[in-house]
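Respectively, the protein sequence lines represent chains V and P.
Residue 310, in our numbering, is where the first sequence stops; the numbers in between run on with no holes.
Residue 125, in our numbering, is where the second sequence stops; the numbers in between run on with no holes.
Derived from the structure by calculation, the hints contain no laboratory data.
Just to be clear, a hint being listed does not mean it is correct.
[Claimed, not checked] Think about it this way: if two alpha-carbon atoms lie no more than 20 angstroms apart in a straight line, the pair counts; the simulated EDC-like pairs of lysine to aspartate or glutamate are:
hint, chain 1, residue 1, chain 2, residue 2
1, P, LYS48, V, ASP217
2, V, LYS265, V, GLU254
3, V, LYS297, P, GLU94
4, P, LYS27, V, GLU239
5, P, LYS48, V, GLU254
[To be verified] Covered by chain P, per the in silico footprint, the following chain V stretches (three or more residues, Cβ under 8 angstroms):
hint, region
6, 205 to 213
7, 239 to 250
Glycine residues also receive a C-beta, built at the ideal position from the N, C-alpha and C atoms.
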Amino acid sequence: AQKVTQAQTEISVVEKEDVTLDCVYETRDTTYYLFWYKQPPSGELVFLIRRNSFDEQNEISGRYSWNFQKSTSSFNFTITASQVVDSAVYFCALTGGTSYGKLTFGQGTILTVHP
Amino acid sequence: GAVVSQHPSWVICKSGTSVKIECRSLDFQATTMFWYRQFPKQSLMLMATSNEGSKATYEQGVEKDKFLINHASLTLSTLTVTSAHPEDSSFYICSARTVGQALSGALHFGNGTRLTVT
């Protein structure tokens with residue numbers, strides 16, 4: 196069985212602060228894929244990143260960065276210099292190579308960035 | 008880029024009626040589509056996997072007779088909530104997997120449908 200845990204239910208920061216959203220996963224698959232999605236109040240899921248289990252290289256995209264550590268089964272997401280527009284619910288998700296596309300989502304982290 | 012269109016965006020219906028939600032891939036073929044449900048302030052839970060031309064596979068605890076899924080073509084899957092009740096009120100969202108690169112095809116989500124049953 197697969198499991199994704201986002202221990203932080205809610206995070207509140209002030210604009211320009213850096214914030215890290217944690218994600219820990221469990222899977223028995225040797226090949227798997229990890230995702231991060233942003234869900235604004237309107238409800239749609241905005242794709243942020245996909246990372247496969249063989250690629251542990253960290254990634255940076257603008258103010259966003261991701262730290263993938265297989266040794267600790269974690270895939271953390273950092274927003275640098277947060278902005279009010281970053282306020283949303285963020286989901287970490289996992290799919291296995293044997294059932295690709297069936298996503299197991301974490302509980303989500305509500306991020307509120309105050310001006 | 009690849010787009011998945013989901014319709015309607017929101018719907019209000021009376022208890023006991025049925026509601027059909029469409030998930031359409033606009034510029035790619037999707038052999039497989041997935042349906043998720045999200046209750047307020049909760050996470051997304053997979054309901055079923057829809058494969059073109061075959062019966063859907065439902066997750067444990069999801070009533071297949073209540074949530075009818077049809078995937079008649081490579082670009083369209085529909086979810087029908089039959090005899091809806093207030094407890095079915097939720098946000099339903101679909102995703103589609105592209106045909107190419109079987110194990111790593113991109114996943115594209117629709118914008119979701121907010122169902123309210125009165």
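Hints, verified against the model:
| no. | hint | in the structure |
| --- | --- | --- |
| 1 | P:LYS48 x V:ASP217 | holds (19 angstroms) |
| 2 | V:LYS265 x V:GLU254 | holds (15 angstroms) |
| 3 | V:LYS297 x P:GLU94 | violated (24 angstroms) |
| 4 | P:LYS27 x V:GLU239 | holds (19 angstroms) |
| 5 | P:LYS48 x V:GLU254 | violated (29 angstroms) |
| 6 | 205 to 213 | violated (count 0) |
| 7 | 239 to 250 | holds (count 5) |
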